[in-house]
Amino acid sequence: MLFAPHLAKQDRPAIINVTSGLAFTPMAGAPIYSATKAALHSFTMSLRYQLAPAGIEVIEVAPPAVNTDLGGPGLHTFGEPVDAFADGIFRGLAEGRTEIGYGPSEKSLRMSRDEIDAAFQAMNDRISGR
Numbered sequence: 001m002l003f004a005p006h007l008a009k010q011d012r013p014a015i016i017n018v019t020s021g022l023a024f025t026p027m028a029g030a031p032i033y034s035a036t037k038a039a040l041h042s043f044t045m046s047l048r049y050q051l052a053p054a055g056i057e058v059i060e061v062a063p064p065a066v067n068t069d070l071g072g073p074g075l076h077t078f079g080e081p082v083d084a085f086a087d088g089i090f091r092g093l094a095e096g097r098t099e100i101g102y103g104p105s106e107k108s109l110r111m112s113r114d115e116i117d118a119a120f121q122a123m124n125d126r127i128s129g130r
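So the sequence shown is numbered by the working numbering: it starts at 1 and just counts up by one.
Don't take every hint at face value.
Unchecked claim - Have a look at the derived ranges for each label pair, beta carbon to beta carbon:
(1) P53 / H76: 34 to 44 Å
(2) G74 / P53: 47 to 57 Å
(3) R97 / F3: 20 to 30 Å
(4) T36 / D125: 19 to 29 Å
(5) N124 / T36: 14 to 24 Å
(6) P5 / M111: 28 to 38 Å
(7) A54 / D114: 30 to 40 Å
(8) A30 / D83: 19 to 29 Å
(9) Q10 / S42: 41 to 51 Å
(10) H6 / P81: 36 to 46 Å
Since the hints were made in silico from the structure, they are not lab data.
For every residue, glycine included, the Cβ atom is placed at its ideal position computed from N, Cα and C.
Could you put the whole structure together from the sequences, leaning on the hints where they help?
Here is the structure:
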């Protein structure tokens, strides 16, 4: 927490952590990625709680799959349109939200435990061809 005193002196101090929709509904084929994003989600929640008395906002952005050239041109051609995703994130920031998703990841942020279990099974069955 060495940075907290410095941040607390700033105008509208904030930390933005980027997790993933897979933090809530993990992909069995990417267990390490999913687990690290879930850990960052947990860390973000705890940090938000710890820094609230100092007036430091801690925001989580949880993207879904976004159609970008991640990994190289033409290698990642699925997911949400990048412009729509970016607009949605900036809209969430303007609204003062502390947990911001978009599309499927927004839904994952709001799911119950039973809904998460069902979404996990459906997504992983679809990917694995079961």
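- Task: Given the range 30 to 40 Å, decide if the beta-carbon distance of A54 to D114 lies inside it.
- Result: 36 Å Cβ-Cβ, so the 30 to 40 Å window holds.
- Starting from the range 41 to 51 Å, see whether the pair Q10 and S42 falls in it by beta-carbon distance. At roughly 25 Å between Cβ atoms, S42 and Q10 fall outside 41 to 51 Å, so the hint is violated.
- Query: Are P5 and M111 spaced within 28 to 38 Å by their CB atoms?
  - Reply: Taking Cβ atoms as reference, P5 and M111 lie about 37 Å apart, which means the hint holds.
- Task: Just tell me: holds or violated, for the beta carbon distance of H6 and P81 against 36 to 46 Å?
- Result: With a Cβ separation near 37 Å, H6 and P81 satisfy 36 to 46 Å, so the hint holds.
- Query: How does the Cβ-Cβ distance of R97 and F3 compare with 20 to 30 Å: does it lie in that range?
  - Reply: Check passed, 23 Å falls within 20 to 30 Å.
- Query: Honestly, do P53 and H76 meet the 34 to 44 Å range at C-beta?
  - Reply: The hinted range 34 to 44 Å holds for P53 and H76, with Cβ atoms some 41 Å apart.
- Evaluate the given range 14 to 24 Å for the C-beta pair formed by N124 and T36. holds (18 Å)
- Query: For the pair A30 and D83, does the Cβ-Cβ distance stay inside 19 to 29 Å?
  - Reply: Cβ of A30 to Cβ of D83: about 25 Å, so the range 19 to 29 Å holds.
- Query: Do the Cβ positions of G74 and P53 conform to the proposed distance bound of 47 to 57 Å?
  - Reply: Hint holds: Cβ distance 48 Å, inside 47 to 57 Å.
- Query: Is the distance from the Cβ of T36 to the Cβ of D125 consistent with 19 to 29 Å?
  - Reply: Cβ of T36 to Cβ of D125: about 23 Å, so the range 19 to 29 Å holds.
The structure is inconsistent with hint 9 alone, although it conforms to all the rest.
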